[in-house]
Structure formats: C-alpha cells, structure tokens
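Enquirer: Chains A and B, in that order, give the protein sequences. Numbered continuously in our numbering, the first sequence closes out at residue 196. Numbered continuously in our numbering, the second sequence closes out at residue 196.
Among these hints, one or two may not hold up.
[Unchecked claim] Pairs of lysine-lysine residues, derived as DSSO-like cross-links and limited to a Cα-Cα distance of at most 27 Å, are as follows: (1) A:LYS85 <-> B:LYS25; (2) B:LYS19 <-> B:LYS195; (3) A:LYS115 <-> B:LYS25; (4) B:LYS85 <-> A:LYS84; (5) B:LYS135 <-> B:LYS106; (6) B:LYS99 <-> A:LYS25; (7) A:LYS106 <-> B:LYS84; (8) A:LYS115 <-> A:LYS19; (9) A:LYS195 <-> A:LYS84; (10) A:LYS85 <-> B:LYS106; (11) B:LYS84 <-> A:LYS25.
What the hints contain is simulated information worked out from the structure, not anything from laboratory work.
Protein chains: 2
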Amino acid sequence: MQMKLLQDRILKDGQVKEGNILKVDSFLNHQIDIDLLGRIGEEFSRQFAGSGVNKILTIEASGIAIACATAVCFHCPILFAKKTKSLNIAGDVYTSKVESFTHKTVNDIIVSKSFLGPEDRILIIDDFLANGKAILGLSDLVRQAGATLIGAGVVIEKGFQGGGDRIRSMGIDLCSLAIVESMDPVRGIVFRKD
Amino acid sequence: MQMKLLQDRILKDGQVKEGNILKVDSFLNHQIDIDLLGRIGEEFSRQFAGSGVNKILTIEASGIAIACATAVCFHCPILFAKKTKSLNIAGDVYTSKVESFTHKTVNDIIVSKSFLGPEDRILIIDDFLANGKAILGLSDLVRQAGATLIGAGVVIEKGFQGGGDRIRSMGIDLCSLAIVESMDPVRGIVFRKD
Numbered sequence: 003m004q005m006k007l008l009q010d011r012i013l014k015d016g017q018v019k020e021g022n023i024l025k026v027d028s029f030l031n032h033q034i035d036i037d038l039l040g041r042i043g044e045e046f047s048r049q050f051a052g053s054g055v056n057k058i059l060t061i062e063a064s065g066i067a068i069a070c071a072t073a074v075c076f077h078c079p080i081l082f083a084k085k086t087k088s089l090n091i092a093g094d095v096y097t098s099k100v101e102s103f104t105h106k107t108v109n110d111i112i113v114s115k116s117f118l119g120p121e122d123r124i125l126i127i128d129d130f131l132a133n134g135k136a137i138l139g140l141s142d143l144v145r146q147a148g149a150t151l152i153g154a155g156v157v158i159e160k161g162f163q164g165g166g167d168r169i170r171s172m173g174i175d176l177c178s179l180a181i182v183e184s185m186d187p188v189r190g191i192v193f194r195k196d
Numbered sequence: 003m004q005m006k007l008l009q010d011r012i013l014k015d016g017q018v019k020e021g022n023i024l025k026v027d028s029f030l031n032h033q034i035d036i037d038l039l040g041r042i043g044e045e046f047s048r049q050f051a052g053s054g055v056n057k058i059l060t061i062e063a064s065g066i067a068i069a070c071a072t073a074v075c076f077h078c079p080i081l082f083a084k085k086t087k088s089l090n091i092a093g094d095v096y097t098s099k100v101e102s103f104t105h106k107t108v109n110d111i112i113v114s115k116s117f118l119g120p121e122d123r124i125l126i127i128d129d130f131l132a133n134g135k136a137i138l139g140l141s142d143l144v145r146q147a148g149a150t151l152i153g154a155g156v157v158i159e160k161g162f163q164g165g166g167d168r169i170r171s172m173g174i175d176l177c178s179l180a181i182v183e184s185m186d187p188v189r190g191i192v193f194r195k196d
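Make the full structure from the sequences, and use the hints.
Expert: Written out as structure tokens, the structure is:
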C-alpha cells in the first residue's frame with residue numbers, strides 16, 4: 003500500500019533529472035522535512051505491525067533518518083551498516099558488498115557482530131530502491147548473523163528498474179511507500195497502481 | 003550543563019581504546035538506543051530554548067540521527083552536509099574542508115545553496131567533538147550562506163583535545179552533553195566538572 007501524502011510531495015517537490023535520477027533532496031535526503039519523516043515512520047510501523055520487529059537495520063547515510071523515525075514507532079534500536087572501501091576488515095564484523103546505482107561504486111558494508119544475532123527480528127529500512135543492491139546486501143548481513151528478516155521498507159522504489167520486483171520474487175516482504183513506474187524530465191512521474 | 007544520564011551510559015557501555023578512541027557504538031554511532039536518542043534531542047532543545055532555531059545542520063553519517071531527534075523537538079527541518087572527495091563541485095553548493103580525527107582524511111563537505119540562506123537560524127549538531135574541525139567546517143558553511151549561527155550541540159566532547167575550548171573562545175555557543183576531561187584504557191573516563 004503506497005502513501006498518498008508522500009506521492010503528492012514527490013510530484014510537488016521532486017525533480018526528474020537525466021540518467022534516471024529523481025532528486026528529492028529538498029525534503030528527504032539532504033534537507034529533511036521532520037513532519038513527513040514522522041509520518042513515514044508511522045506508515046512503516048503500520049505496515050509491519052504485529053511482526054515482532056526488534057531492530058531496524060539501515061545503511062549510512064540517508065537511510066539513518068528514516069530508520070530513526072521508524073524505530074521511534076517500534077520502540078527498538080537502530081543499527082546502521084557502515085560503508086567502507088578498506089580491504090582489510092577485522093574479524094568481528096559481518097560484511098557484504100553493495101554497488102551504488104547513483105555513484106557507480108562498489109562499497110563493502112559492515113556491521114559489528116556484537117549487534118546482530120539470531121535473537122534479532124530485523125526490519126530493513128532505506129530511502130531509495132533502484133537496482134535493489136543495498137537491500138540485498140543488508141539482507142545478506144541478516145542471513146550471516148542468523149537473524150530473522152521480517153521485511154524491508156523503502157520510501158521510494160524506482161519500479162521501472164526492476165530491483166523491487168526481484169526482491170519480492172525472492173520472498174522478501176518489501177513495502178515501498180511510493181513506486182515510480184515511469185519518470186521523465188518532460189512527461190513527469192507516474193506511480194504504479196496499488 | 004552536562005547530561006548525567008548520558009555520562010552514566012558512557013561509563014557503563016563506552017570503551018576506551020588506544021589512540022584516544024572512545025567507542026560508543028553500542029548506543030550512539032553504530033547501534034543507536036532510540037530512548038537515549040530522544041532524551042538527547044530534548045536536552046539540546048532545552049539548552050537552546052527560545053533562540054529561534056529554525057534549521058538543524060549536521061554532517062553525515064553519525065550526526066544525522068542526533069539531528070533528527072533534535073529537529074523533532076524544535077519542529078524544524080534538518081540539513082545534513084555531505085562528504086565528498088570530488089574536486090569538481092558544481093557552483094550551486096557551499097563547500098568547506100574538514101579533517102577527520104578518526105579517519106585521518108580530509109573531506110570536502112557540501113550543502114546545496116537552495117537550503118541554506120540569510121533567513122536561517124542554525125543549530126549545528128554532531129555526535130563527537132575532538133579537534134573541532136567538523137563544527138568549524140559547518141559554521142563556515144553557515145557564514146558563507148549569510149545565515150545566523152545560534153550555536154552548536156555535540157553529544158560527546160573530548161575536552162582534552164582542546165577543540166571545544168577553541169570553538170568557545172571564538173564566541174560560538176557550544177553545548178556538549180558530556181565532556182571527557184581524560185580517558186585511559188586502564189584508568190577509565192573522567193568527565194569535566196560543570
């Protein structure tokens with residue numbers, strides 16, 4: 003179920019740029035509207051209500067604010083994976099690799115083994131889903147730790163890039179609050195029908 | 003005025019490592035305790051009450067959560083500066099340089115000119131203050147934009163490194179919720195007297 007308030011804000015303040023870039027940096031991932039952020043957290047908590055989420059996992063940097071707003075509703079800790087290019091990673095971390103669509107780079111992502119384990123019921127949160135590599139990298143960390151993956155919540159899914167549907171086909175409960183079916187600097191943005 | 007609840011948590015869960023590193027990644031900058039985070043936001047809002055703050059400025063990544071918790075109390079937007087190593091930066095951003103104490107690297111930090119201007123009354127927020135370079139870089143962005151710097155709030159100041167006192171001597175209203183006067187892997191942590 004998508005979020006009308008968010009879709010309206012994307013139509014009002016989002017900017018479509020060449021190269022399949024959707025800029026929402028006036029309210030989501032550079033400047034952040036704190037009211038909208040709170041509503042987003044509430045919406046994720048509704049969509050995953052009753053699932054026993056006890057930790058929110060996200061990735062630095064722009065996922066952190068959304069994870070915070072969601073964690074407030076679940077009243078649980080946040081854990082954010084760190085990006086690193088260092089090849090020598092100490093043995094006390096879980097690590098995976100994530101290719102960034104925006105930056106065309108590959109990062110190692112790490113979380114400390116101290117903070118992710120079999121007792122954890124994890125909701126993954128991120129701002130954008132394009133090719134889905136960040137969600138897959140984070141779910142790989144969850145798998146390595148033997149934790150339970152409850153699902154993943156993203157604010158904006160670029161549906162036309164197919165990453166979200168691939169993740170759904172793997173059986174991951176993915177909730178995207180706005181799914182962009184098509185976008186174009188001239189013709190604008192069209193959302194997927196629920 | 004320091005925050006007893008935070009000091010107690012640092013004494014309980016903080017780890018002093020060689021090289022003047024204080025690890026608080028179980029509750030502040032990797033895993034985040036959402037209750038403590040809320041209390042930190044409330045404390046900053048008390049300390050800067052009545053100052054007309056209308057925007058919180060921080061720097062990715064670990065400042066973002068603290069900025070969110072503070073922005074909820076001030077009911078204002080967050081703006082987080084991005085770190086970049088790119089030398090060619092477009093003309094529509096303010097930029098400054100920050101040397102990281104932890105990582106021994108120099109980053110350009112940028113904010114979009116669209117989101118920082120003369121009408122803004124800025125509270126800078128960050129998790130750590132060591133040499134103070136991040137606060138100085140952020141306050142340089144505020145100056146470039148012609149905005150008003152209300153002050154700066156940091157969660158943990160490493161007082162013995164002197165950065166905080168240099169910032170105070172420049173006339174910046176700096177509020178640190180815990181000021182570590184000395185620390186040592188064996189002898190532990192001593193906080194500055196208020």
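Enquirer: Work down the list of hints and note, for each, if the structure agrees.
Expert: Now the hints, each set against the structure:
1. A:LYS85 <-> B:LYS25: Holds: A:LYS85 and B:LYS25 sit about 18 Å apart, inside 27 Å.
2. B:LYS19 <-> B:LYS195: OK: B:LYS19 and B:LYS195 at ~23 Å, within 27 Å.
3. A:LYS115 <-> B:LYS25: holds, 15 Å
4. B:LYS85 <-> A:LYS84: Satisfied, since the Cα-Cα distance of roughly 14 Å is no more than 27 Å.
5. B:LYS135 <-> B:LYS106: Holds - the C-alpha atoms of B:LYS106 and B:LYS135 are around 12 Å apart, at most 27 Å.
6. B:LYS99 <-> A:LYS25: Given that 27 Å is the threshold and the Cα spacing comes to 25 Å, the pair holds.
7. A:LYS106 <-> B:LYS84: Since the Cα atoms of A:LYS106 and B:LYS84 sit roughly 17 Å apart, the hinted pair holds (cutoff 27 Å).
8. A:LYS115 <-> A:LYS19: Violated: A:LYS115 and A:LYS19 sit about 39 Å apart, past 27 Å.
9. A:LYS195 <-> A:LYS84: Answer violated: A:LYS195 to A:LYS84 is near 34 Å, above 27 Å.
10. A:LYS85 <-> B:LYS106: holds, 16 Å
11. B:LYS84 <-> A:LYS25: Holds, at roughly 15 Å.
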